[in-house]
Amino acid sequence: MKSRILALVTALSIPATPSFSYQVLQNETPDGDLVDLRWFSASFPVRYYVNGREPLDFSLQDAVDGIAASFRAWEDIETASITFQYAGTTDAEAFEFFDDQSTLGFRDDPDLEGTGILGATLQVINIFTGEIVESDIFFSDFFVWSVDPGGRPNTFDFVSVATHEIGHFLGLGHSHVGVTETGGFRRRPVEGSAIMYPFSFGPGSVIGRTLTADDVTGVSILYPAGSFLQRTGRLSGRVTKGGSGVGFAHVVGFNPFTGETVGAFADESGNYEILGLRPGPYVVRVNPVTDPTSPGDFGFPDPGTDLDFRDALYTGGPAEVEASSSTGGIDVVVEP
Amino acid sequence: MKRALLLLAFSAVPAVGLAQTGGTKKLELSGFVGGMSLTQELGTASNIYMSVTGAAESVDFGKLYGFGASWAFTRNVAAEFTFSRSTNLYGLDVDDEAIGNVALPDQFEAEQVFLTGGVIVQFPLEVGLVPYGSFGIGQLKTSPTSDIEGIESVTGTDVSFGGGVKYWIPSVPWLGVGFDLRYHTATEGLTFPEGDGSTNGTAYTVVGMVRLF
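Chains as they are written, first to last, in this note's numbering: chain R, 1 to 336; chain U, 337 to 549.
Everything labelled a hint here was simulated from the structure, so no lab data went into it. Just so you know, these numbers come straight off a predicted model, no measurement behind them. Take the hints with a grain of salt, since some may be wrong.
What the hints assert, rightly or not - Looking from chain U toward chain R, a few residues come up when the C-beta cut is under 8 Å (computed):
| # | residue |
| --- | --- |
| 1 | 384 |
| 2 | 388 |
| 3 | 390 |
| 4 | 430 |
| 5 | 432 |
| 6 | 435 |
| 7 | 485 |
| 8 | 486 |
| 9 | 490 |
| 10 | 495 |
| 11 | 508 |
| 12 | 511 |
| 13 | 528 |
Stated by the list, open to error - The calculated label-pair distances, taken between Cβ atoms and stated as ranges, are:
| # | chain 1 | residue 1 | chain 2 | residue 2 | range |
| --- | --- | --- | --- | --- | --- |
| 14 | U | 519 | R | 299 | 26 to 32 Å |
| 15 | R | 191 | U | 492 | 31 to 37 Å |
| 16 | U | 442 | R | 191 | 49 to 55 Å |
| 17 | R | 41 | U | 369 | 54 to 60 Å |
| 18 | U | 538 | R | 191 | 38 to 44 Å |
| 19 | R | 316 | U | 485 | 21 to 27 Å |
| 20 | R | 303 | U | 427 | 36 to 42 Å |
| 21 | R | 191 | U | 532 | 45 to 51 Å |
| 22 | R | 186 | U | 519 | 56 to 62 Å |
| 23 | U | 529 | R | 186 | 31 to 37 Å |
For every residue, glycine included, the Cβ atom is placed at its ideal position computed from N, Cα and C.
Same shape as in the complex, but just chain R (with noise of 0.2 Å):
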């Protein structure tokens, strides 16, 4: 138990309180070591159980349902291997830490009030190995919900939001994969959004039911299916603004022949890599992590986050990505 501690809460807000391309958790062992947050092979199946209280919006057994989808969703990736299981209902709540049962639930916890969060993850690790040992899920009681397949107007989808928490349940942080328009419910991502952004689609929406490549990435990154590693390449370079690196600064890519598109972020320095891309020409793109999120949204510092530049194409040739390999060099310049 010495070893475990309590790593993070990701939460998944709506726009009042604006809170990440995909981005892997990661922490900093005691020996200085970055290592990532994941589920060791060892624990799969990963049991999970759902708290046994009744919804206030729908029956228990929608709720297991619901679950029971949103980890098929990311079980079902072809080029990410993890499995679930789900163990049956328990009394103990969402976010009993250190009770070795990763358990999802609705909380109504009164400081959750006003606080625009949905739901959030936490996990419980393993210091020195970054395993994931449990991790739960809860879902606030000050929203209202909805499991019906098409949505619901006014409605929050369940599923939707299990869908994003799990993926933080597997080690991803936010994705900054997304653009947002203004909807009936303030602003709200546009399809096509990754489902790890950190703001839900809204009301109504079931959009997030459905993972993006984005998405999809991420989780094969950490959890690589057959040759996925082998079947992919990447992509790096540095952001530099009047000759100095971008820090933190956000660069997707984006291959018209697959229509997939993929983000990383930079280091402090600039440099950046996009793991993961499957092969063919990339269009990169560079912006800053601005309105309606924020460096805190990701874990970067601020100040220390440079966001005064305009968004910007690298354009000193092609962007080819081959199976197996690295393309480097893809430098983009950005200006204030």
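Dock chain U against the given chain R, drawing on the hints supplied.
Using the frame of chain R, we list chain U on its own:
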């Protein structure tokens, strides 16, 4: 008597022409090099940030080459088979909501292989020049020269027509040079998933020829 004179007259002209263009050899082998003005659209692909259109760039001179063989059935009609290969680059045009329009030339390369069978109708002249017209049908196989997930090659039917002129060198009558211009139209070409591709292009080549038999 009148009919006999006419026949004589008709046969006399070719005899002179053939004498001056190197004889009655039927098999010609040729090699050629050239370029191609190419039109091929990849279609449009979009994501949440941008729309991307793509198109083939024309084949630079020297990037198209091949060889051919023809067999003359008559003085004016020959069957021809050609194999040619070209490499060309593709460019992308990005229409980005925040950035605007940006052209990205030379983003990837593809190989085009033409296999054509056809007919040559030629008109040997006295001075060693042989203008001709051609019509061919065959296939065009287009393959990216580097991996693109999901696309190994695209093959379509290719129809071509055009013409040119050959010049048989009087002092070396089995050796000739020429210029050839052909318009190709093929039913398939590389495309983005939502695209509907076809290829059109005008190939221009400089031809070197030898005559055998």
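Chain R contact restraint on residue 384 (chain U) - CB to CB distance below 8 Å: Residue 384 (chain U) check passes; min Cβ-Cβ to chain R is 4 Å, inside 8 Å.
Restraint satisfaction for residue 511 (chain U) [CB to CB of chain R, less than 8 Å]: violated, 42 Å
Checking hints one by one. Is residue 495 (chain U) an interface residue toward chain R, by the C-beta closer than 8 Å rule? With Cβ-Cβ at 27 Å, over 8 Å, it is violated.
Quick one, is the residue 508 (chain U) hint okay against chain R at 8 Å, beta carbons? For residue 508 (chain U), the interface hint is violated, since the closest Cβ of chain R sits about 45 Å away, which is over 8 Å.
The hint names residue 435 (chain U) as touching chain R; please verify it with the least Cβ-Cβ distance against 8 Å. holds, 5 Å
Could you check the hint for me, namely that residue 303 (chain R) and residue 427 (chain U) are 36 to 42 Å apart, CB to CB? Holds: the Cβ-Cβ distance is about 40 Å, inside 36 to 42 Å.
Holds or violated: the 45 to 51 Å window for the beta-carbon distance between residue 191 (chain R) and residue 532 (chain U)? Violated, since residue 191 (chain R) and residue 532 (chain U) (Cβ atoms, about 24 Å apart) do not stay within the stated range.
Interface restraint verdict for residue 486 (chain U) against chain R (beta-carbon cut-off 8 Å): holds, 7 Å
Using the nearest Cβ pair, does residue 528 (chain U) come within less than 8 Å of chain R? holds, 5 Å
Whether the CB-CB distance between residue 316 (chain R) and residue 485 (chain U) falls inside 21 to 27 Å: Once the Cβ atoms are compared, 23 Å apart, the range 21 to 27 Å for residue 485 (chain U) and residue 316 (chain R) holds.
How does the Cβ-Cβ distance of residue 519 (chain U) and residue 299 (chain R) compare with 26 to 32 Å: does it lie in that range? 60 Å Cβ-Cβ, so the 26 to 32 Å window is violated.
Is the shortest C-beta separation between residue 390 (chain U) and chain R less than 8 Å? Status holds, d = 7 Å.
The structure fails hints 9, 10, 11, 12, 14, 16 and 21 (numbered hints given earlier, in ascending order).
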